[in-house]
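Undergrad: Let the hints inform the model, and build the full structure from the sequences given.
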Amino acid sequence: GESVGLHLPTLSVQEGDNSIINCAYSNSASDYFIWYKQESGKGPQFIIDIRSNMDKRQGQRVTVLLNKTVKHLSLQIAATQPGDSAVYFCADRGNTPLVFGKGTRLSVIA
Amino acid sequence: KAGVTQTPRYLIKTRGQQVTLSCSPISGHRSVSWYQQTPGQGLQFLFEYFSETQRNKGNFPGRFSGRQFSNSRSEMNVSTLELGDSALYLCASSSQPGLNTGELFFGEGSRLTVL
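Same order as they appear, the protein sequences are chains V and Z.
Position 5, counted from 1, in the first sequence is what the numbering used here calls 5; the numbers after and before it change by one each time, with no gaps.
Position 40, counted from 1, in the second sequence is what the numbering used here calls 40; the numbers after and before it change by one each time, with no gaps.
Heads up, some of the hints might be wrong.
[Unchecked claim] No more than 27 Å apart at the CA atoms, straight line, and that leaves these computed lysine-lysine pairs for DSSO-like:
# : chain 1 : residue 1 : chain 2 : residue 2
1 : V       : Lys42     : Z       : Lys57
2 : V       : Lys56     : V       : Lys68
3 : Z       : Lys57     : V       : Lys102
4 : V       : Lys56     : V       : Lys102
5 : Z       : Lys57     : Z       : Lys13
6 : V       : Lys42     : Z       : Lys13
[Claimed, not checked] Restraint ranges, calculated between C-beta atoms of paired labels, are given here:
#  : chain 1 : residue 1 : chain 2 : residue 2 : range
7  : Z       : Pro39     : V       : Gly59     : 25 to 33 Å
8  : V       : Gly41     : Z       : Gly58     : 21 to 29 Å
9  : V       : Ile109    : Z       : Arg63     : 37 to 45 Å
10 : Z       : Pro39     : V       : Thr69     : 28 to 36 Å
11 : Z       : Arg15     : V       : Ser40     : 21 to 29 Å
12 : Z       : Gly62     : V       : Gln14     : 44 to 52 Å
13 : V       : Gly83     : Z       : Gly16     : 40 to 48 Å
14 : V       : Thr69     : Z       : Ser22     : 40 to 48 Å
15 : Z       : Phe69     : V       : Ile20     : 37 to 45 Å
16 : V       : Lys71     : Z       : Pro61     : 26 to 34 Å
17 : Z       : Lys57     : V       : Ser40     : 27 to 35 Å
18 : Z       : Ser27     : V       : Gln81     : 29 to 37 Å
19 : Z       : Thr14     : V       : Lys71     : 39 to 47 Å
20 : V       : Pro9      : Z       : Ser79     : 30 to 38 Å
Because the hints were derived from the structure by calculation, they are not lab data.
Please read all numbers here as calculations on a predicted model, not as lab measurements.
Think of the CB as a built atom: it goes at the ideal place given N, C-alpha and C, for glycine as much as any other residue.
TA: Here's what the structure looks like:
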């Protein structure tokens, strides 16, 4: 079946450094992806999305890159802060139902 | 405007009991989806409702059921609880169901512990 997977379950980053969280997908027809952030004890929150007609999309301190050739997307967080500590999920919105990856736990080292 | 509201936030049940969880979507949203989140399996889709109709159902046993009311509020029920049903149950709403229809807004979840 279709799947979305993150490459690393955990990532530790020094405060102030940039973070890169990767995600691979299997459905070549997928054309809309969303990144979610889930803090402890809370539900997932929308960070940024990207459609397949784009290779890159930027938000506030976050950038998502989409490589359709290798079916890979990444979330880059600039100048990582302690408040960025959370689990990050990529989700394939082009699937119904929405398919989530298992998540990468980002830990920020002060 | 108010976000997605789930009640109760925490509950403890014993094996064999049943539980009902409630979700009120964002005002104006008519699509509600339910997910089960566990450490081992991640986020797994349970059901999706739109205009009181179930549009999609995940791969869960018949003990898991849901419904949606005319005001878009949704409930899910789990009967004959098992230890493995312990999880965070998340509800998400969107203005429309289905593919590529934008962001899902999640509630804080209902954490169920089965003893």
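Undergrad: Run every hint past the structure and note whether it holds.
TA: Taking the hints in turn, this is what the structure says about them:
| no. | hint | result |
| --- | --- | --- |
| 1 | Lys42(V) to Lys57(Z) | 24 Å, holds |
| 2 | Lys56(V) to Lys68(V) | 11 Å, holds |
| 3 | Lys57(Z) to Lys102(V) | 20 Å, holds |
| 4 | Lys56(V) to Lys102(V) | 23 Å, holds |
| 5 | Lys57(Z) to Lys13(Z) | 24 Å, holds |
| 6 | Lys42(V) to Lys13(Z) | 21 Å, holds |
| 7 | Pro39(Z) to Gly59(V): 25 to 33 Å | 29 Å, holds |
| 8 | Gly41(V) to Gly58(Z): 21 to 29 Å | 24 Å, holds |
| 9 | Ile109(V) to Arg63(Z): 37 to 45 Å | 43 Å, holds |
| 10 | Pro39(Z) to Thr69(V): 28 to 36 Å | 33 Å, holds |
| 11 | Arg15(Z) to Ser40(V): 21 to 29 Å | 27 Å, holds |
| 12 | Gly62(Z) to Gln14(V): 44 to 52 Å | 49 Å, holds |
| 13 | Gly83(V) to Gly16(Z): 40 to 48 Å | 42 Å, holds |
| 14 | Thr69(V) to Ser22(Z): 40 to 48 Å | 45 Å, holds |
| 15 | Phe69(Z) to Ile20(V): 37 to 45 Å | 43 Å, holds |
| 16 | Lys71(V) to Pro61(Z): 26 to 34 Å | 32 Å, holds |
| 17 | Lys57(Z) to Ser40(V): 27 to 35 Å | 30 Å, holds |
| 18 | Ser27(Z) to Gln81(V): 29 to 37 Å | 32 Å, holds |
| 19 | Thr14(Z) to Lys71(V): 39 to 47 Å | 45 Å, holds |
| 20 | Pro9(V) to Ser79(Z): 30 to 38 Å | 33 Å, holds |
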